[in-house]
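Undergrad: This is what each chain is made of:
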Amino acid sequence: MSLQYFLLLAAALFCIGIYGLITSRNAVRVLMSIELLLNAINLNLMAFSNFLDPTLIKGQVFTIFIITVAAAEAAVGLAIVLAIYRNRDTVDMEQFNLLKW
Amino acid sequence: MNQLLLQSIWLIPCYALLGAIFALPWSPTIIRRTGPRPAGYVNLLMTCLAFTHSLIALQSIWKLPPQHISFNWLSTAGLELTFDIEISRVSVAAMLLVTGLNLLAQIYAVGYMEMDWGWARFYSLLGLFEAGMCALVLCNSLFFSYLILEILTLGTYLLVGLWFSQPLVVTGARDAFLTKRVGDLLLLMGVVALLPLAGTWNYSELAVWAKTAHLDPKIAALLGLLLISGPMGKCAQFPLHLWLDEAMEGPVPSTILRNSVVVATGAWVLIKLQPVLSLSPIVSAALVGIGTVTSVGASLIAIAQIDIKRCLSYSVSAYMGLVFIAVGTQHSEAALLLVLTHAVASALLVMSTGAVVWNSITQDVTQLGGLWSRRPISGLAYIVGTLGLIAFPPLGSFWALLKLASALWVEKPWLVGVVIVVNVFTAFSLTREFSSIFGGKPKQMSERSPEVSWQMALPMIILLAFTLHLPLLLQSLSLLPSWADFNKDVALLLMWSSIFGCTISGVIYLSDFIPKPIRLPVKVLQDLLAYDFYTPKLYKVSIVFSVDMISKLADIVDRLVIDGIVNMIGLASLGGGEGLKYSTSGQTQFYAFTVLLGISLLGATVTWPYWGHQFLSLMF
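Chain order of the listed sequences is A and B.
First residue of the first sequence: 1, per my numbering; consecutive thereafter.
First residue of the second sequence: 1001, per my numbering; consecutive thereafter.
Heads up, some of the hints might be wrong.
Claimed, not checked - Covered by chain B, according to a simulated footprint, are these stretches of chain A (three or more residues, beta-carbon under 8 angstroms):
hint, stretch
1, 19-30
2, 91-99
To be verified - Pair ranges (Cβ atoms, derived):
hint, chain 1, residue 1, chain 2, residue 2, range
3, A, 72, B, 1598, 24 to 30 angstroms
4, B, 1582, A, 5, 39 to 45 angstroms
5, B, 1573, A, 15, 17 to 23 angstroms
Keep in mind the hints are simulated off the structure, nothing from the lab.
The C-beta atom is built at its ideal place from N, Cα and C for all residues, glycine as well.
Using the sequences and the hints, build the whole thing.
TA: This is the structure we're talking about:
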């Protein structure tokens, strides 16, 4: 096993997340895609931590922080989605283009 | 005392200029209560002063050599502009002529402009003209001559345009200004080009320089052609002659001045420049050519005119053409003499016809007739003016023409032919005009035509007497050729040509053999001459058309292309803003996409050196 495979897997996951982030119509799925991105980053950090810094494992510390922050962000994001939903009765991203030119 | 008067001779133009300024308060909007007449009297006084001054100055300069005074006008790095004054017999005599004729014209105008409210403007402009011409004859520098010529061009514009409510006056003044201006501008080119060649604008120094100058023939020819084009416009020579015809729309008293002296300002500069002009044979040939074409053409046109003033204006062009011939063949003295005799006779003719017009209203010679018995003074003045203008011994122009013709007799015999032809045509046209106005039976317009008041008759009589005395004066100044060296053949030829012209014309127009109005068998020719070779049309289709076209084109280019380019820049940024605002789509996901796109592009660019080469080799 080598570092590259992990990195490639993480990159693939990141790209899938981006694809989902840009194309999803459902706002909750956008949040899910963001979770995918964050998890891809976590994978990266874990891989680097294991292969390049096995003694101090700073990458794992980072990962802990990111998981924490991601949880908070997801909570706030869902709160925002809920707030929008209450007003507009929909979570379709294409209905939210009010702040245009 | 005399020396003082001589040294202060530069005051003479100042008197006239002061008169011009003093006349202005009587403009109808400034002094509203007294009427305009004091303006004229002030000017008369000033002209009288100038006349007396120059008369005394002439007496004291007569025995003395020419004196030179020089004022520093402007000195900058590498250029000293000095206003040089030459006090010589000729210049003071010319001033005497100018002030004298102006005095007479102003007295005449007191009568002629009696029912006119615009004396302030009129007399002020006459004063300006007098000042300008006196300054011109005094000044001995080409640069300042040019300056004065330009001021006089402006003066002509204003004076012709005196009665500006008449549409023909406005177009006439416009043409007079533009035509003369074109000539003046070409003259300016010559003046500017002369300085690096000669290093001076002083006429006397130019003459010295011209004696030893070795110029490239092409440069000399171009320079000379530019220098003659100014006088060409001023002297109403072909093809810049239309303005004089249209300037006849102005009031008669100003015409007296214009026909006699103003057109001679160009001739004066030409005579002064003669040493420079004779550097190139091409220029001499051009002078002779222009003079010949103008004098023959204009004297033919004069025959075919029906307007009393225009008949005379073309004769002026013709005589100025003879002056051109004289300068072109290096006979400056004959030219000067011709200018003098022409000025006197021509002024007399204009005064006489002006007096007829004043009481008979119409200027159409075909509607006048039979005035001889009731207008003897005007008639006599006309006769003497005619005889003084054509070669009729012993009156003035005979001697001038004789001097010119006998000098040409040896060098260029064919030019004597030109002089004689012009003399015949002028004699014919002047006699024709006399016969139509004073001879025959009275017509409706001239049925009741009293002689004019004394203000107009007096200057006419004085000038008549002066014209008659001119030969005596010339003799006492020993300006006449001596009996031994004048060419009797030429004298006889000139005399007979005058008699021939006068007789033919008299027979045709005074007898009843030929029905009037006379129709030539070739109507085209008659119309061609009557319409002045269709010069207005020629101008219209050539110069005016092309300038008009170019200016319209330039206007279009300006409005569409130049303006369009700048507007296009504005429009493009406006359109850019309008179009690019749609990039703010309102879709959060789109923003995320652009952020990621930007980051990835930036990342790709920054890291290109590490993988770009491999990537390229993989691709190709």
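Undergrad: Would you mind marking each hint as holding or not holding in the structure?
TA: Hint check:
{"no.": "1", "hint": "19-30", "verdict": "holds (count 5)"}
{"no.": "2", "hint": "91-99", "verdict": "holds (count 6)"}
{"no.": "3", "hint": "A:72 - B:1598: 24 to 30 angstroms", "verdict": "holds, 27 angstroms"}
{"no.": "4", "hint": "B:1582 - A:5: 39 to 45 angstroms", "verdict": "holds, 43 angstroms"}
{"no.": "5", "hint": "B:1573 - A:15: 17 to 23 angstroms", "verdict": "violated, 38 angstroms"}
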